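Protein chains in written order, with this note's numbering: chain V, 1 to 140; chain Y, 1 to 389.
In case anyone wonders, no lab produced these hints; they're calculated from the structure.
Just so we're clear, the structure is a prediction, and the values are computed from it rather than from any experiment.
There's no promise every hint is true.
[Stated by the list, open to error] Covered by chain V, according to a simulated footprint, are these stretches of chain Y (three or more residues, beta-carbon under 8 Å):
1. 27-35
2. 57-69
3. 74-85
4. 126-138
5. 198-208
6. 305-315
7. 319-329
[Claimed, not checked] The calculated label-pair distances, taken between Cβ atoms and stated as ranges, are:
8. D56/V <-> L166/Y: 15 to 25 Å
9. V136/V <-> L166/Y: 47 to 57 Å
10. D56/V <-> F106/Y: 37 to 47 Å
11. R59/V <-> Q198/Y: 25 to 35 Å
12. A353/Y <-> D106/V: 45 to 55 Å
13. V136/V <-> A351/Y: 35 to 45 Å
14. G203/Y <-> P31/V: 17 to 27 Å
Note that the Cβ used here is the ideal one computed from N, Cα and C, for glycine as well.
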Amino acid sequence: MKNLRYVILLLAATSIFAINAQAQVIVIANPGVKANEISKNDLRDVFTGNATSLPDGSRVVPILLKSGTVHEEFLQVYIGKNDTAYRAGWRSLVFSGQASMPKSLDPETVVVEFVAHNAGAIGYISKSTPHEGVKVLTVR
Amino acid sequence: MKRFLVGALALALGAISATAQSLEDLNIQIHGYATQGFLYTTQNNIFTAKSSDGSPAWTEAVVNLTSQPNPKLRVGVQARYFMLGNFGNAITLDWASADYKANDKFGVRFGKVKTPSTLFNETQDIDPSYIWSLLPQGIYQIGSRNSNLSHYGGVVYGVVKLGSNLGKLEYRGWGGERVIGSDDGYWVNQKEAGLNMQNGISGVTYGATLHWKTPLSGLTVGGSNLKDNQWVAPLTSAIPTYGTFPGTETLNAFNSPSVHARYEKNKVMVVGEYARLPVTGAIKVPGVYTKPIRLDQRSWYVMASYKLTGKLTAGVYDTQIIDRQMALGPARYSKDWVISGRYDFNQFLYAKAEEHIIDGTMIGYDTAMNPGTLKPSTKLTILKIGVSF
């Protein structure tokens, strides 16, 4: 019984951390992007190369993090793939002449700087990373 | 046609050079991959390799160079070295194209471009993208891959939203000239019988593919039709003790339809596809003989894969092809049951292992590497290592 209590507590703690982890990733965009929110489907389409614009017509360019927990979390929550599978999908497009590989940057402050100064740029960072000069898109 | 396209591509590259202020503006990217495979068959020799003894004669390397000087225009070129048994062993141009994407609903690319027929045609050569070492050979024959992958001409493409809760429709249309080179896998047995097309065969090709991304997340269904007009090419026929005679090979116009369905979500992927290739024609050697060509190849497969861990993926597929014009016997069909695994060491390096249980001798075997009678079934083991960047 004691062991069962520990297991339940551990599961609860893991769930809390998981929820908090998801809440830590925010989607940022260049201020010139008209939209203030983006659907999960549209976000996935942009970051998998299936779309280059949002429903409002804004042309967008995805910017990736090179690696790290924020990157892995973004892929898991919004793309449904790990980094290897995700990059394999992009390689299909690159090696068949359908797309160019999106830029991958590090650390997050460089992502913020790039998104702030490049029209249409859209990326993702930790909520705790300073992000002046960009707008935060609500994912619905 | 080829000269016109190369000239147009050169103009596009010149325009880019004239307007770009720096290399940064050109957004130049270089990517590539290389693979080394090993084949072993329990019986027969497959893909013109001495696989019954174990053969490492399977090497590929690709270099890809692209530039995107502005958000709507991308130009690029890709070269490949391919060697499988006696196939290839040369550097060829995979594709070289300019791509203008006005918006998500309409884009066009021209040059030597990948042909977007069937489900996997334009990506069948991209080994880093798949768990499989070999795609189902009934539809994606590796010996003819170079010829089927691309054509000289153009592709139009786009995605159209169908309205609320109806999903999206992705369309691809293509047209131009396709070339089946003289060293293509289609001609291996023909060549070994003394028929030689020095310059291969080529002609007009066009078609369309539709993918419906259904409202059910992860499910795509679609179909494709490829149409080739009549193609004619000169050849020579070497008849022992009589000499060599000139002739022609004619392939009559045909349609090649296919349908597919794909479900991919999180760790699971399930795919099914059916394709038909009906071809008629004739080899004519005036004053000597006329040999009719009649094929009606019908092929299907079902495949499934599952991501066991972040680095390990396993999969299985079952595939069959039958030529309804051929006489009864093992040469009329090929059935292949496959189990496969892929391990990703990191985002650059991976390894694959695959076991095929093959029944039937319709595809993959040539007479020079298999003197005497082919055994009706074999097991094929493939090991492969690859790196991509």
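Which numbered hints turn out to be false for this structure? Violated hints (numbers, rising): 5, 7, 9, 10, 11, 12 and 14; every other hint is consistent with the structure.
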